[in-house]
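K.L.:
The chain contents come next:
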Amino acid sequence: MSSLTAPPTPELPGAMAAGLPAVRPRRVRALALPRSGKVLFGLGIMVAFLILAVIGPYVAPYNPSATAFTPGLHPGAAHWLGTTLLGQDVLSQLLVGARPTIVVGLVAGVIATVLSTVIGVTAGYIGGATDEGLSLASNVFLAIPGLPLLIVIDSYLPQGARSNYVLIGAVIALTGWAWGARVLRALTLSLRNRDFVEASRIIGEKRWRIIFVEVVPNLFAVLASSFLFTLLYSIGTYVALAYIGVIDTARWNWGTMLFWAQANNAPIANQWWWFVPPGLCIALVGTGLALLNFGIDEFINPRLRAAGVTGRYMRKVKLSNRPRLGLTPVIEGFR
Amino acid sequence: MTTLLRRLGVYLLTAWVAITVNFLLPRLMPGNPVEILIGKIQGRVTPQIVHAFERQFGVGLHQSLWSQYVHYWSQLFHLNLGFSISLSAPVSSVLKQSVPWTVGLIGVSTVVSFILGTIIGTYLGWRRGTVFDAVLPVATFLQAVPYFFFGTVLLLVFASHLRWFPELGAYSQSLNPGWHWSFVASVLRYGQLPAITVVISSIAGWIMGMRNMMVTTVGEDFVLMAVAKGLPKRKVIAYAARNAVLPSISNFSLAMGLLVSGALLVELVFNYPGVGDLLLTAVQNEDYPLLQGIFLVITFTVLSANLLADLAYLALDPRIRRQA
Numbered sequence: 001m002s003s004l005t006a007p008p009t010p011e012l013p014g015a016m017a018a019g020l021p022a023v024r025p026r027r028v029r030a031l032a033l034p035r036s037g038k039v040l041f042g043l044g045i046m047v048a049f050l051i052l053a054v055i056g057p058y059v060a061p062y063n064p065s066a067t068a069f070t071p072g073l074h075p076g077a078a079h080w081l082g083t084t085l086l087g088q089d090v091l092s093q094l095l096v097g098a099r100p101t102i103v104v105g106l107v108a109g110v111i112a113t114v115l116s117t118v119i120g121v122t123a124g125y126i127g128g129a130t131d132e133g134l135s136l137a138s139n140v141f142l143a144i145p146g147l148p149l150l151i152v153i154d155s156y157l158p159q160g161a162r163s164n165y166v167l168i169g170a171v172i173a174l175t176g177w178a179w180g181a182r183v184l185r186a187l188t189l190s191l192r193n194r195d196f197v198e199a200s201r202i203i204g205e206k207r208w209r210i211i212f213v214e215v216v217p218n219l220f221a222v223l224a225s226s227f228l229f230t231l232l233y234s235i236g237t238y239v240a241l242a243y244i245g246v247i248d249t250a251r252w253n254w255g256t257m258l259f260w261a262q263a264n265n266a267p268i269a270n271q272w273w274w275f276v277p278p279g280l281c282i283a284l285v286g287t288g289l290a291l292l293n294f295g296i297d298e299f300i301n302p303r304l305r306a307a308g309v310t311g312r313y314m315r316k317v318k319l320s321n322r323p324r325l326g327l328t329p330v331i332e333g334f335r
Numbered sequence: 336m337t338t339l340l341r342r343l344g345v346y347l348l349t350a351w352v353a354i355t356v357n358f359l360l361p362r363l364m365p366g367n368p369v370e371i372l373i374g375k376i377q378g379r380v381t382p383q384i385v386h387a388f389e390r391q392f393g394v395g396l397h398q399s400l401w402s403q404y405v406h407y408w409s410q411l412f413h414l415n416l417g418f419s420i421s422l423s424a425p426v427s428s429v430l431k432q433s434v435p436w437t438v439g440l441i442g443v444s445t446v447v448s449f450i451l452g453t454i455i456g457t458y459l460g461w462r463r464g465t466v467f468d469a470v471l472p473v474a475t476f477l478q479a480v481p482y483f484f485f486g487t488v489l490l491l492v493f494a495s496h497l498r499w500f501p502e503l504g505a506y507s508q509s510l511n512p513g514w515h516w517s518f519v520a521s522v523l524r525y526g527q528l529p530a531i532t533v534v535i536s537s538i539a540g541w542i543m544g545m546r547n548m549m550v551t552t553v554g555e556d557f558v559l560m561a562v563a564k565g566l567p568k569r570k571v572i573a574y575a576a577r578n579a580v581l582p583s584i585s586n587f588s589l590a591m592g593l594l595v596s597g598a599l600l601v602e603l604v605f606n607y608p609g610v611g612d613l614l615l616t617a618v619q620n621e622d623y624p625l626l627q628g629i630f631l632v633i634t635f636t637v638l639s640a641n642l643l644a645d646l647a648y649l650a651l652d653p654r655i656r657r658q659a
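These protein sequences, in sequence, are chains V and F. Just so we're aligned: 64 in the numbering used here is position 64 of the first sequence, and the numbers increase by one with no gaps anywhere. Just so we're aligned: 421 in the numbering used here is position 86 of the second sequence, and the numbers increase by one with no gaps anywhere.
Bear in mind the hints are in silico, worked out from the structure with no lab data behind them. Some clues are possibly wrong.
[Said to hold, decoys possible] Computed footprint of chain V on chain F; a stretch qualifies when at least three of its residues, placed anywhere within it, have a C-beta under 8 Å from a C-beta of chain V:
| hint | segment |
| --- | --- |
| 1 | 340-350 |
| 2 | 353-363 |
| 3 | 488-498 |
| 4 | 635-642 |
Ideal Cβ positions, reconstructed from N, Cα and C, are used throughout, including at glycine.
Bound-form chain V, shown alone:
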């Protein structure tokens, strides 16, 4: 959220590199991002779940829908995560369910990011009536509560369409692009009057070339952060839709697992192994995304980076680790 409000002018690394003679090559700065502990941890979680999404259905020990086992077994050797009250293997459901959950999130994230980039950058760069119209549209979409709208839309879809990942993802993207568009518009507004953009306008570059070569690369950090945020929103929304039962409940994903657990009163019956694993997986994916986002936030706003410095590091470089006013240590090469 801070990226929305932080004064963007002095902190845009790309703009600095373009405006001033760069002290260090830009590639080094770009590589500085994934080295902080938080970011590495987030990256690790995300990679693990992406692998799970790919191999999940192949390594699942049983058919997730088969009701062939003793119902309500505690986690044990034969069933690592126990069985449901309907006699299904929880681990298999978890493994098979990973793919749709993550695929829908990715589809929605990509579509929403493309939408918000096109709309936000167009509004910010062209300005005038176009800007007014597009900003109004994003404000309207920001104000409409997404989940209830999605529930209404999805409940009108025919049964077959409700298990179509791409379609569901696209519908979720419809409600998720507005925030990113607003942030990108604000940044584009501040970028379009910079000298380097002005210069390419004077040279006579084509408008689309200025947008794609001069403006968009400088939005990259915010674009990435907006993508991660949308991904988090999409996964949460998809799971919520599945949990309330609007999406085909016979196809496994983490939300339908929670739907069936709730429908069979697993929480009251104390069958924690039924609903804790999917909930925990969702929370872990979300944490991973948020940690990556922190990295990007700190990359954009150096003051946050300094605020994340550990006491041990501060002692190492012989600085007091008590917060002091007016002194935000800008630490070169801190990771």
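The hints should help you fit chain F onto chain V, whose structure is shown.
P.N.:
Just chain F now, kept in the frame of chain V:
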């Protein structure tokens, strides 16, 4: 004033979009909602009901879309949102019973979460880089947990196991609803766990936003100036916080949408008799009139909350007022 009028304009437009989407959806989507609805109430169908459904969903009518739209609006002005099949009652009267529960639960937890989160965030931003930063990873994790999953876990641990809180519902079934003390006390008691769930799930966003903005604000010259002048620490923090809180408030509409969506599902977990519970009934029975009525009510509630946030922003930021 201009700012407020602009915002009001956006919200009116949003309301219009929501109403129009509601009108168009059943007419654009494949399938015949009226057939599904009539299929659900076999036996009890009177021609009047069928006709009412047909008018609502624009099936089998030989009217232009425009005259259907006009009719739709006139029904809306008479607060006629159609007839709910699953509950066999008019949608507006069903909603009248559920909305107060939801508004009460969500309203109280939003206010508590915002105030608490802002205070914690202010403190964390002030003491940045100290041991208090340990709160951040915890907050990150909480932010990522779906509301309803968190509610389920709390229900299991604190209600089923430890029995600190009552399990399900909004009040003790042995009491008659009414404005007497024992009922109010029971409502407060049953509301605690759902409210705690919503507060803890939503507080992380406020903490993080406030903390990050505070870190940025504390680096500003006017804060240094305030300290140099020798103002007491409390006053300095208040100066900085007042500036840092503005983005939190302007992000309110985004947060509100997420919070309401989450809280509706929390109601489901706790069998709380609010709109969320109604939503489940509507989804399970494909009760389209009820579903659409709920969507409208939620949208209007969220828009009103946003308007309140805008008023608060106006009160806190004199720069906006002067622009007018």
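K.L.:
Any hints this thing doesn't respect? Which numbers, in order?
P.N.:
none
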